[in-house]
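Chain residues, written in single-letter form:
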Amino acid sequence: MVKMNSIVIVGYGGYVPRYRIRAEEIARVWGRDRSELPVEEKAVIGLDEDTVTMAVEAAKIALKRAGIPPSKIGAVHVGTESKPYAVKPSGTIVAEAIGAVPRITAADFEFACKAGTEALQFITSLVDAGRIEYGLAIGADTAQGRPGDALEFTAACGAAALIIGKNKSEGVAEIEACTSYVTDTPDFWRREYERYPHHTARFTGDPAYFHHIVNSVKALLENDGYTLNDIDYAVFHQPNVRFPLVAARLLGIDLEKVKPGMVAGSIGNTYAACSLLGLVKVLDQAKPGERILVASFGSGAGSDSYIIRVLEGIESKRGLAPTLDKFIERKTYIDYAVYAKHRRKILM
Amino acid sequence: MFKIKVPRYWRHKDFRYRLNAWKCNHCGETHFFKPLICRKCRSREFIQVSLPETGKLLAYTVVRSPPEGFELQSPYIIGFIELDDGTRILGQVTDCQPEELKQGMRVEATFRRIREDEEDKIIAYCYKFRPVI
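Heads up: the protein sequence lines correspond to chains A and B, in order.
Residue numbering for the first sequence follows our numbering, beginning at 1 and increasing consecutively.
Residue numbering for the second sequence follows our numbering, beginning at 1 and increasing consecutively.
Check the hints yourself; a few may be wrong.
Stated by the list, open to error - EDC-like, lysine to aspartate or glutamate: derived pairs with alpha carbons at most 16 angstroms apart: (1) Lys-23/B / Asp-95/B; (2) Lys-64/A / Glu-290/A; (3) Lys-88/A / Glu-100/B; (4) Lys-257/A / Asp-284/A; (5) Lys-56/B / Asp-85/B; (6) Lys-83/A / Asp-230/A; (7) Lys-3/B / Glu-82/B; (8) Lys-259/A / Asp-284/A; (9) Lys-34/B / Asp-14/B; (10) Lys-64/A / Glu-71/B; (11) Lys-257/A / Glu-290/A; (12) Lys-56/B / Glu-108/B; (13) Lys-326/A / Asp-95/B; (14) Lys-3/B / Glu-100/B; (15) Lys-331/A / Asp-85/B; (16) Lys-166/A / Glu-192/A; (17) Lys-5/B / Asp-117/B; (18) Lys-64/A / Asp-120/B; (19) Lys-168/A / Glu-192/A; (20) Lys-257/A / Asp-224/A; (21) Lys-72/A / Glu-40/A; (22) Lys-341/A / Glu-53/B; (23) Lys-13/B / Glu-40/A; (24) Lys-88/A / Glu-108/B; (25) Lys-331/A / Asp-117/B; (26) Lys-331/A / Glu-40/A; (27) Lys-102/B / Glu-82/B.
Simulated from the structure, these hints should not be mistaken for lab results.
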C-alpha cells in the first residue's frame with residue numbers, strides 16, 4: 001500500500017477516434033444472437049491512426065489543461081499492448097510530437113488492460129521521489145479481436161493521458177493512495193508474432209477480473225482507512241458493461257456511483273485506456289472535495305487501485321479543452337467491410 | 001515498392017510533428033524546413049518558431065488517384081490552409097468527408113500517420129488538419 005505525499009493530477013485528457021461499429025453489425029456478419037451483446041457499439045481508429053497518434057491527441061488535451069510548457073515534463077510513459085513497433089518506443093514519438101524531448105525518460109509499459117495505470121504508478125513514483133517535476137502517464141490501445149471471436153465485439157480504440165505534478169495549487173485532483181494486486185493467472189495472452197490474443201472464455205471472470213479487482217480495492221480501503229462512504233464515484237475496468245456493475249455489487253458499492261464513469265457501452269473496451277477514460281469522464285463532471293475510486297484490471301493478471309480526491313482547480317481547468325463526451329458524441333458509423341479495412345484485417 | 005528516406009524524414013520531424021518552422025531574422029519570411037539562405041532576402045539568420053495549430057480552410061481537393069504509398073487512404077482530401085498567423089500551408093484534411101467541408105471553416109492540426117515504408121516498415125507521422133472539435 002502506498003500513501004501518496006501530495007501527488008496531484010495537473011492535467012488530464014481523453015481521446016476517442018471518430019469511427020464506430022455497432023455490435024449488432026458484428027453479430028450480423030458472424031451470425032450471432034443479437035439479444036445479448038456485451039456493448040452497444042465500439043470505437044474504431046481512422047486509416048491514419050494508431051496507438052501513438054491517439055496517445056499524442058490525449059497528451060495534447062492534458063497539456064492544455066495543465067497549462068505547463070511541455071519542456072517541463074520529465075517522463076513520458078505509454079502503457080499499451082498495441083505498439084506500432086515491436087522494437088522502437090512509442091514514448092519517444094509521443095514525447096517528440098508534444099515537444100517534451102530531449103531531457104526526459106521515455107518508455108512503454110505492457111500489462112494488458114492495466115498498462116495505463118502501471119505507467120501511472122511509475123510516473124507518480126518519479127514525481128514523489130523528486131526525480132522529475134512533471135510526468136506524463138498514458139494508456140492507449142488499438143485493441144485486437146480475432147474476427148468472429150467474442151472479443152471482437154468489444155476490442156476498441158482510445159487513449160487517456162494524465163500529467164502528474166506535486167504542487168496542489170496547480171492540481172485538478174490529488175492521488176491520495178494506491179495499491180496493486182498481482183498473480184500469475186493465464187486468462188488472456190498473445191504470443192510474439194501472433195496477430196490476435198487467446199483467452200480462456202469465462203475463466204476471465206471469477207479467477208481473473210473479479211478476484212483481482214475485489215482484492216485490490218479491499219486492500220486499499222482497509223489499509224488506508226477509507227470506507228465506502230468516503231467514495232463518491234467508482235471507476236472499474238470495463239471489458240463490457242456488466243463486469244463493472246458486478247464488481248461494484250461484490251464490493252457493496254452503490255451502482256449509482258459506478259454509472260457516471262461508464263464508457264464501455266458507447267465506445268467498447270479500450271484496454272489500457274479503459275479505466276483511465278472512465279476517470280477522465282468522472283473528472284469532467286466531479287465537484288471539488290469528491291473522492292473517486294479507480295480500479296484497473298490487466299489480464300495475466302493484476303489490478304491497480306487508486307483513491308483520488310478532486311481539488312478546486314478542476315473548476316478552472318475543465319473547460320480549457322474538449323470533454324470526453326465531445327469525442328464520444330462525434331461519431332461516424334461504419335459497416336463491417338469498412339471496419340475490416342480500418343483495422344487492416346484484409347491482408348493483401 | 002514505396003520507400004521512405006529515413007534521414008530526410010528524421011531531419012524534417014520538427015516541422016512535420018509540431019509545425020515548428022524557421023523565420024528569417026531580417027525579413028520575417030517563414031520557411032518550413034531550415035534553409036541555408038532566405039529565399040526572399042538571402043539572409044542566413046533564422047529563429048525557430050511554433051506556427052499556430054489552428055486556421056481556416058481556403059480550398060481543398062479530393063485525391064482519388066493517389067501516388068504510391070497513399071493507396072490505403074484513398075480517396076483523401078488535400079487542403080490549403082491559412083493558419084492564424086497568416087502562414088499558408090498544404091496538408092491532408094482528415095476525420096471528415098468532402099461534403100462536410102466548407103471554404104473558410106475552422107480547422108486544427110492533428111498528429112497522424114502519413115504513410116508507411118513497404119519494405120523497411122518505418123512509419124512516417126506528420127501533421128494533418130481536421131475540423132475543429
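Quick rundown of the hints versus the structure:
no.: 1; hint: Lys-23/B / Asp-95/B; in the structure: violated, 31 angstroms
no.: 2; hint: Lys-64/A / Glu-290/A; in the structure: violated, 23 angstroms
no.: 3; hint: Lys-88/A / Glu-100/B; in the structure: violated, 37 angstroms
no.: 4; hint: Lys-257/A / Asp-284/A; in the structure: holds, 15 angstroms
no.: 5; hint: Lys-56/B / Asp-85/B; in the structure: holds, 11 angstroms
no.: 6; hint: Lys-83/A / Asp-230/A; in the structure: violated, 38 angstroms
no.: 7; hint: Lys-3/B / Glu-82/B; in the structure: violated, 30 angstroms
no.: 8; hint: Lys-259/A / Asp-284/A; in the structure: holds, 14 angstroms
no.: 9; hint: Lys-34/B / Asp-14/B; in the structure: holds, 10 angstroms
no.: 10; hint: Lys-64/A / Glu-71/B; in the structure: violated, 35 angstroms
no.: 11; hint: Lys-257/A / Glu-290/A; in the structure: holds, 11 angstroms
no.: 12; hint: Lys-56/B / Glu-108/B; in the structure: holds, 8 angstroms
no.: 13; hint: Lys-326/A / Asp-95/B; in the structure: holds, 14 angstroms
no.: 14; hint: Lys-3/B / Glu-100/B; in the structure: violated, 33 angstroms
no.: 15; hint: Lys-331/A / Asp-85/B; in the structure: violated, 31 angstroms
no.: 16; hint: Lys-166/A / Glu-192/A; in the structure: violated, 39 angstroms
no.: 17; hint: Lys-5/B / Asp-117/B; in the structure: holds, 9 angstroms
no.: 18; hint: Lys-64/A / Asp-120/B; in the structure: violated, 36 angstroms
no.: 19; hint: Lys-168/A / Glu-192/A; in the structure: violated, 43 angstroms
no.: 20; hint: Lys-257/A / Asp-224/A; in the structure: violated, 20 angstroms
no.: 21; hint: Lys-72/A / Glu-40/A; in the structure: violated, 41 angstroms
no.: 22; hint: Lys-341/A / Glu-53/B; in the structure: violated, 30 angstroms
no.: 23; hint: Lys-13/B / Glu-40/A; in the structure: violated, 40 angstroms
no.: 24; hint: Lys-88/A / Glu-108/B; in the structure: violated, 28 angstroms
no.: 25; hint: Lys-331/A / Asp-117/B; in the structure: violated, 30 angstroms
no.: 26; hint: Lys-331/A / Glu-40/A; in the structure: holds, 14 angstroms
no.: 27; hint: Lys-102/B / Glu-82/B; in the structure: holds, 14 angstroms
In the structure shown, a violation is registered for the earlier hints numbered 1, 2, 3, 6, 7, 10, 14, 15, 16, 18, 19, 20, 21, 22, 23, 24 and 25, in ascending order.
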